[in-house]
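J.: Starting from the known structure of chain Y, arrange chain X on it as the hints suggest.
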Amino acid sequence: MLARAHTFTIEGLQTRHVTVEVDVRSGLPAFTIVGLADAAIREARERVRTAILNSGFEFPGRRITANLAPGDVPKAGPGLDLALGCAVLAASGQLPGERLDTHALFGELALSGELRACDGTLAVALAARERGLKTVVVAPACAAEARLVEGLDVAVAERLSSAVRVLRGGSPDPPGLSPSRPPHAIRRESRQPDLAEVRGQHHAVRALVIAAAGGHHCLLSGPPGTGKTMLAQRLPSILPLLSSQEAIEVTRVRSILGSAPRGLARRRPFRAPHHSITTAGLVGGGQRGWVGEAVLAHNGVLFLDELSEFARSTLDALRQPLEEGRIAIVRARHAAVYPARFMLVAATNPCPCGHAGAGDRCGCTETELARHRRRLSGPLIDRIDLLLALERQAPRTLGERPLTSSKSARERVVEARERQATRLAADGITMNAHMDAALLARHARLDATGEAMLQRAGERGLLSARGQHRLLRVARTIADLNASGRVRPRDLGAALALRPEATLGGSRAA
Amino acid sequence: MTKLSADPAPACGDCLRRSWLLARLSAGLDYRWADVSRLTELLALDDERLLRAQAGSRRARLQSDYLRFDSAGLSPRPGVGTVCRHDPGYPAALRGRGAPPMLYVLGGPDRLRDLTQRPVVAVVGTVRASDYGVEIARSLGRGLAASGVTVLSGASDGIAAAAHSGVVEAGAAGVAVVGGGLDVAWPARRRSLLERLRTHGCVVSELPCGTDGRRWGPAAAERVVARLSEVTVVVEAGETARELASAGIARSLGRMVAAVPGRVTSRSSRGTNALLIDGARLVRGAQDVLELLHAGSAARPVADGTACVELEPRLAEVLEQVGEGRDSPDRLTDPAADADEVLLALSELELIGLLTRGEGGRYVRCV
Chain Y
42 MLARAHTFTI EGLQTRHVTV EVDVRSGLPA FTIVGLADAA IREARERVRT AILNSGFEFP
102 GRRITANLAP GDVPKAGPGL DLALGCAVLA ASGQLPGERL DTHALFGELA LSGELRACDG
162 TLAVALAARE RGLKTVVVAP ACAAEARLVE GLDVAVAERL SSAVRVLRGG SPDPPGLSPS
222 RPPHAIRRES RQPDLAEVRG QHHAVRALVI AAAGGHHCLL SGPPGTGKTM LAQRLPSILP
282 LLSSQEAIEV TRVRSILGSA PRGLARRRPF RAPHHSITTA GLVGGGQRGW VGEAVLAHNG
342 VLFLDELSEF ARSTLDALRQ PLEEGRIAIV RARHAAVYPA RFMLVAATNP CPCGHAGAGD
402 RCGCTETELA RHRRRLSGPL IDRIDLLLAL ERQAPRTLGE RPLTSSKSAR ERVVEARERQ
462 ATRLAADGIT MNAHMDAALL ARHARLDATG EAMLQRAGER GLLSARGQHR LLRVARTIAD
522 LNASGRVRPR DLGAALALRP EATLGGSRAA
Chain X
6 MTKLSADPAP ACGDCLRRSW LLARLSAGLD YRWADVSRLT ELLALDDERL LRAQAGSRRA
66 RLQSDYLRFD SAGLSPRPGV GTVCRHDPGY PAALRGRGAP PMLYVLGGPD RLRDLTQRPV
126 VAVVGTVRAS DYGVEIARSL GRGLAASGVT VLSGASDGIA AAAHSGVVEA GAAGVAVVGG
186 GLDVAWPARR RSLLERLRTH GCVVSELPCG TDGRRWGPAA AERVVARLSE VTVVVEAGET
246 ARELASAGIA RSLGRMVAAV PGRVTSRSSR GTNALLIDGA RLVRGAQDVL ELLHAGSAAR
306 PVADGTACVE LEPRLAEVLE QVGEGRDSPD RLTDPAADAD EVLLALSELE LIGLLTRGEG
366 GRYVRCV
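Respectively, the protein sequence lines represent chains Y and X. My numbering numbers the first residue of the first sequence as 42 and each following residue consecutively. My numbering numbers the first residue of the second sequence as 6 and each following residue consecutively.
This is chain Y alone, in the form it adopts within the complex (with noise of 0.2 Å):
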C-alpha cells in the first residue's frame, strides 16, 4: 500500500517541498530510504521505527520503501522524521491518508515517540502556505515561531501519537510551556544600547544620524579605544524598526540558524564578523549553501572592524551585495540566490599604529602608512557614502550631556525616509543611498553655486566622477533631515567635509 507526505527540508535559506512516499509489500523485512538523503535522514530509520513502536503502534514487518521527492534535491537534516513516521502509519493501514495531503508535517522524533523541535519552523510554515497547504504539524516548542504567519493553521504536536489524532481529525495538543531557547538570549534582546550612552563625538554622531536617514555605507575612521564599534553597535537603534514583511524575512534567516528570537524580530540585525573570516564565512558556500554573514545581516548592519585586516579577496566579495542587495552562490552541486542589503559600517584606525594626527604618538613610517592607504583605497570604499571621523575626547567631554538620545534620532530618521519614499515612489528604491546618475539628477538638482562648487571639487582633484554620484546623494540626504526640497550649498558643503576620501590622507598622496 502506498502513503504520501508532505514536508520541507532546507537548503541554505532556500526551502524545498519534499513529498515523503512510503510503499509497504510483503517480502523479507526491511526499510529502504532513497532520494539524495543525509545521514541524519538515513539514521531516521531507527528513530521512526522506535518512536512508533514506543507510541503503542505497529512496525510493519514487511519490506518498506521510502522514496523522498523530489529526488535530484539533497534532503538534509532530522525536520522529515515525522513525515516519514506518519507515511509509514498510512501505508500499513494505521491511519487514514487522506489528511495527509493536507498537511505539512516538520519535527524530528525521539526515541519515546516525543516530537522534538527543529531549526527553520518558520521558514517550513511560509513554504507550507505558499504550497496552499492548510495545517503545519509542529513540536510545541516551534508553536509561537509557525503561528507568525497568517493564513495557516498551527497544529501542536507533543508526540507521534498526538499527530496521528491530528491527522484522524483530532484536536491538537495545547502549545506547551516549554523553554524553547535559553533565558541569555532573551535578556540580550531586552537590553539595547542607546545613542544617549555617547559621550562627545557630535561630529561623528551626526553622521551617524545622517547615515542611517541615507541608508549610506559609512567609514568610521579614529584611534583606538575612541568608540568606534560603540557608534556601530548603536546604529540599529536609530534605524526604523523592521516592516513586517522585513521582519519576516529577518526571523526566517534567525529561524533556519537556530537562534530566531520568541515571535517576530523587531531590531535590525547586527553582524560584526571578525577580520580572519573567510570569503565563504563572509558572503556564503561551501558544499550545502552556507549561509554568510552578509546575508545574516540582510535588513540590518554588517559592520567590519578593522577594515584594512581583512583579506583583499573577502572584501572584493562583499562588491555583489553592495550593489544589488543580493548574493549568487554557486557550487558544484548548487546554485542558489540569497537576500542581502545592508548598511555597511565598516572601522578602521587612521594609521596601522591608530595614533595618526595624534600629535607624537604615532610611530608609523611613511612606508607603513603607505601601505596601510594601499589597503584601504580600492573598490570597497569606492562604494561608501560617507567618512566618520572620531577622535580621542577630551576627559572633560565624559561629563557632557549627550547630543541626542536613540529615540529622538530615529524619529528624524524615519521623517527623513518618508521624505526619500515619496519622492522615490516612482522610481521603484526608498533610499536615497540607492539612487543612480540619472536619478541624482533628477531628485538632487543643484542652485548654480552648488554647481560651481561641485565643478571646483573636480577640478582640484577632490572628486571623482564616482565620487561625485556620492557626494551628491549624501548631500541629498542631509537636505532631507533638514527638511529642505532643494539641495542647498550647505547640504553640499556638509557632505563634502564628510566625504571618505578625507581619510586617505590628501595631503601625502604624492
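It should be emphasised that the hints constitute simulated quantities derived from the structure, not laboratory data. These figures come from a predicted structure and were not determined experimentally. Please note that the accuracy of each hint is not assured.
[What the hints assert, rightly or not] Here are some chain Y residues the structure puts well away from chain X; computed CB gaps all over 12 Å:
| no. | residue |
| --- | --- |
| 1 | Pro-137 |
| 2 | Ala-352 |
| 3 | Thr-355 |
| 4 | Arg-372 |
| 5 | Leu-431 |
| 6 | Ala-435 |
| 7 | Met-494 |
[As the list claims (entries may be wrong)] Just a few of them, taken from the derived set where beta-carbon distance is under 10 Å, the chain Y residues facing chain X:
| no. | residue |
| --- | --- |
| 8 | Thr-406 |
| 9 | Arg-501 |
| 10 | Asn-523 |
In this text, a Cβ means the ideal position worked out from N, Cα and C, and glycines have one as well.
T.: Then chain X, alone, in the frame of chain Y:
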C-alpha cells in the same frame, strides 16, 4: 646588456673607478648609515685609503679588482649622463673636500648646469613628517619653483617627497639626489616622481646605475644636496644627528641654514627649533626664503601671510581657528550649535585651496 654609444664627454676613468668602488663598498658602508659624520668622513677618503679601510682577504680581492678596473664595464645607460670634477660642467658649488668626484645625471649634465646656475635652495627634513611639515614643504617647493628658484632635495619620504610634489604642482623643474643607482627607483613609490623629474628636471646620483638602494644612500645624498644649494631650509627635523645632518654639512661649508619653526611640544620640530636657537634663519614660507636669497639686493614686496585675498569674515575665522589647532569639526563646533555652517565653511576653504585634509581626515592649513 647591449653596448651603447659612448657619452660625448664621458667622465674620466679615475672618477668612474671611484664610483665603481663606492658601489662595491655599498654593503659595508651600510654599517655606518646612522652615524652621518663617520659616513661623510669615510666618503671623503681617497681611493687608496678606502681600500685600506677594508680588512682581511676582501681587501686583496678588491685591490686586484681595482687595479684591473676597466671603465667599459660601466657603459652608460640611455638618458644617463655623467659629469666628473675634471669637467668644466661640474657644478662649482659642489667642489671641495669630500665632494663626490662624479655624478650620474638623469636629464643630462647640461640641464643640471642650467638648473644649478639659478639660485638653488634645498628643502630638507625628516622622513616622518607631520601634516604641518608636509604642507609647509609642499608650499615651499611650489612657491620657490614658481619664483624661478631651483628646488633641491633628496628622494626620501616625508619632507623631501612633499617638496618635490610642490615643485610638480608649480609645473617647474627640480633636482632630486637619490641614494642608489638611477635606474633603481628606491623607494619604489617614488617611481612616478622620478619619472616626472626625468622629463622636466634632473635626478642625480653618485653611484653607478644598477646599484641597489641602501640606507646609507640617502644620508650620502644629503651631503650633495647641502653642497649644491645656497640656502638649506630644514622644514621639520627631530633632534637626531641623522635628521640634522644636512644642516650640519651646510653650516660647516659656510652655507646659509634656515629652519621653519614648529610647536615646541612636537617631536618633529625639536631639531628645527634648536637650529633656530643656534642662529639658523627663520623661514615662514617661500617669501622669506626669497628674501634670504636676495637679501639687500632689491626692494621686494613685504610678505604678509595669506593676505592676498580678502576672505569673508566667517571663512577667515574658521581658517584662523584651524591654524590654531582646532583642526576637526568636533573641535570647531559647539555641540549645541548647528554644525552645517562650519562644515560649509570648511568645505569652501578646501575648495579655495586654503585647507587640505591630513591623516584621519583632519584639516590642515595651507600656506
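J.: All hints are to be evaluated individually against the structure, with a verdict given for each.
T.: The hints, checked one at a time:
Remark: the non-interface label on Y/Pro-137 is consistent with the geometry, its nearest Cβ contact in chain X lying 72 Å away (cut-off 12 Å). Distance check for Y/Ala-352 against chain X: the nearest CB is about 23 Å away, which clears 12 Å, and the non-interface claim stands. The beta carbon of Y/Thr-355 is kept farther than 12 Å from every beta carbon of chain X, the shortest such distance being approximately 24 Å. Annotated as non-interface, Y/Arg-372 keeps its C-beta farther than 12 Å from every C-beta of chain X; the closest such distance is 39 Å.
The claim that Y/Leu-431 lies off the interface is violated: its Cβ sits roughly 8 Å from the closest Cβ of chain X, which falls inside the 12 Å cut-off. Residue placement check: Y/Ala-435 does not keep its beta carbon more than 12 Å from all beta carbons of chain X (closest about 9 Å). Distance to chain X contradicts Y/Met-494 as a non-interface residue, since its nearest Cβ pair spans about 6 Å, not more than 12 Å. The criterion of a C-beta within 10 Å of any C-beta in chain X is met by Y/Thr-406, whose closest approach is roughly 6 Å, and the hint holds.
Taking 10 Å as the C-beta cut-off, the interface hint given for Y/Arg-501 holds, the closest approach to chain X being about 7 Å. Restraint check, Y/Asn-523 versus chain X: the minimum CB separation of about 8 Å is within 10 Å; hint holds.
Hints 5, 6 and 7 from the earlier list are contradicted by this structure; the remaining hints agree with it.
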